[in-house]
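Participant: As a plain string of letters, each chain reads:
2 protein chains.
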Amino acid sequence: MNETVRLLQTHRSERSYKPDPIPNEILDDIIESAHLAPTSMNSHQVSIVVVKDAARRQRIAEIAGGQSWIAQAPVFITIVADFNKTRIGVEKTGVPQQTQHSVESIFSSVTDCGIALGTIMVAARSYGLGIVPCGGLRKNADAMIELLELPAYTFPVVGVAIGYIDKPASQKPRMALASYCHEERYHTEGLRAAIDAYDTTLEEYWKQLGRTDGLPWSKNTAKNYSKVYYPKVKPVAAAQGFTCED
Amino acid sequence: MNETVRLLQTHRSERSYKPDPIPNEILDDIIESAHLAPTSMNSHQVSIVVVKDAARRQRIAEIAGGQSWIAQAPVFITIVADFNKTRIGVEKTGVPQQTQHSVESIFSSVTDCGIALGTIMVAARSYGLGIVPCGGLRKNADAMIELLELPAYTFPVVGVAIGYIDKPASQKPRMALASYCHEERYHTEGLRAAIDAYDTTLEEYWKQLGRTDGLPWSKNTAKNYSKVYYPKVKPVAAAQGFTCED
Chain A
1 MNETVRLLQT HRSERSYKPD PIPNEILDDI IESAHLAPTS MNSHQVSIVV VKDAARRQRI
61 AEIAGGQSWI AQAPVFITIV ADFNKTRIGV EKTGVPQQTQ HSVESIFSSV TDCGIALGTI
121 MVAARSYGLG IVPCGGLRKN ADAMIELLEL PAYTFPVVGV AIGYIDKPAS QKPRMALASY
181 CHEERYHTEG LRAAIDAYDT TLEEYWKQLG RTDGLPWSKN TAKNYSKVYY PKVKPVAAAQ
241 GFTCED
Chain B
1 MNETVRLLQT HRSERSYKPD PIPNEILDDI IESAHLAPTS MNSHQVSIVV VKDAARRQRI
61 AEIAGGQSWI AQAPVFITIV ADFNKTRIGV EKTGVPQQTQ HSVESIFSSV TDCGIALGTI
121 MVAARSYGLG IVPCGGLRKN ADAMIELLEL PAYTFPVVGV AIGYIDKPAS QKPRMALASY
181 CHEERYHTEG LRAAIDAYDT TLEEYWKQLG RTDGLPWSKN TAKNYSKVYY PKVKPVAAAQ
241 GFTCED
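Protein chains in written order, with our numbering: chain A, 1 to 246; chain B, 1 to 246.
Treat the hints with caution; some may be incorrect.
To be verified - Pairs of lysine-lysine, DSS-like flavour, derived with a Cα cap of 25 Å: (1) A:223 - A:172; (2) B:227 - A:92; (3) A:219 - B:92; (4) A:223 - B:92; (5) B:92 - A:227; (6) B:223 - A:92; (7) B:92 - A:172.
Treat the hints as calculated values from the structure; they're not laboratory data. Source: prediction; values computed, not measured.
Using the sequences plus the hints, can you model the full thing?
Facilitator: So, in structure tokens, the structure goes:
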């Protein structure tokens, strides 16, 4: 196993940070890594907004539903699906952009945002920094759009807090590999047994950590997914131009 | 700059592969890296399907619109948004899953698929392998679903071909960093100038490579984004249960 794979396989989300700033040359290296990641058809349909200002990080922590670690860590990066940049390019050729109306445009741009996030996480961890991804900014996506002054045809997809770790997190166990990796075709047999086993694994994990609020996987997932988790996403995305019409 | 960041900053998509198989222990390490990547709220809403069978890779090359490198490279991994696994967990607790009806569920799961893709790409490149991501499988997502026997509540988001490089690709230049990375808030000024400069950069790049089919960025983006690029995505996703109703 090489060092890059070791980093990937020890991934964990840190939620306790020191206030120490990240040296510019390290942050620049992390950002340039994401900048050089691929985008679908070289569309450049991703942008990032780097927030260091403490009051603004405090505001993002609130927008995300009270995530204190965003206020603690010195840097928060929002990854933005950006069809404003493409719009300027398309209109330069004398035709209107249409892609933002399609469900496909969300699949395509959000995949690229996920690549950027994965790239930032491993680049930051390669410098000994901790990271925690944050989908919570979609809870109040309208407030994020206002705070970051995001123009039409852009949407804040996901964020990541980065900083030096105070109290290190442990690595959460995963469901069995066979439930994740399928050979040649998707295999439904065995999924229920893997879930049953994982429910037990997580219960034991929470007990080890002394966490009394931890739920088995099924119950936690039911809590989140028996409803629409962030109901603002559809209307706010539509107001930004992502209408899902086509 | 450390080795991980060097790998990230030298990212390129390879489109010429030797037929040599990937040793199992290397492929296992790449897959385990993706398996240990995070998913939103530990939902495990991602699965992968690993195709090695040559006839099936040939079929995927056709489905993706004629991407010969998928038939050439020994391994193709499809990354699947998987609300089937979560459904089994949610229903185990006695309630129905609702999340798949929401636009939010696409943002959330596709971000996680992008993280998995980014993880697979850098893990593979750390072993000297080449990779090329493939969104083209969404062109005929219905055929991919049939080939991979994907059940309801799953969708093939993106794929990646992996193998040993035959003729190495060069790294495509990017638009100026200032058009990608914004400080504190999104800055619209300067975008048009960055696009104009990048149009020139890409024209020169294609000329250097002797590629007569290469377009400036604006024209290429207009060709793709003045229409709905993959119109099947919305109806096929809806048929799988991703209705975008909420």
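Participant: Regarding the pair residue 227 of chain B and residue 92 of chain A, is the alpha-carbon distance no greater than 25 Å?
Facilitator: 16 Å, holds
Participant: Checking one constraint from the list: CA of residue 92 of chain B to CA of residue 227 of chain A, max 25 Å. Satisfied?
Facilitator: Holds - the C-alpha atoms of residue 227 of chain A and residue 92 of chain B are around 16 Å apart, at most 25 Å.
Participant: Taken at face value, is the distance from the CA of residue 92 of chain A to the CA of residue 223 of chain B at most 25 Å?
Facilitator: Status holds; Cα separation ~12 Å.
Participant: Please work out if residue 223 of chain A and residue 92 of chain B have their alpha carbons no farther apart than 25 Å.
Facilitator: 12 Å, holds
Participant: Run the distance test for residue 223 of chain A versus residue 172 of chain A: straight-line Cα separation, threshold 25 Å.
Facilitator: Within the cut-off at roughly 19 Å; holds.
Participant: Would you check the hint for residue 92 of chain B and residue 172 of chain A, treating anything up to 25 Å between C-alpha atoms as holding?
Facilitator: 22 Å, holds
Participant: Residue 219 of chain A and residue 92 of chain B: Cα distance at most 25 Å?
Facilitator: Judged against 25 Å, a Cα distance of about 8 Å means the pair holds.
Against the hints set out earlier in the document, no violation occurs for any number.
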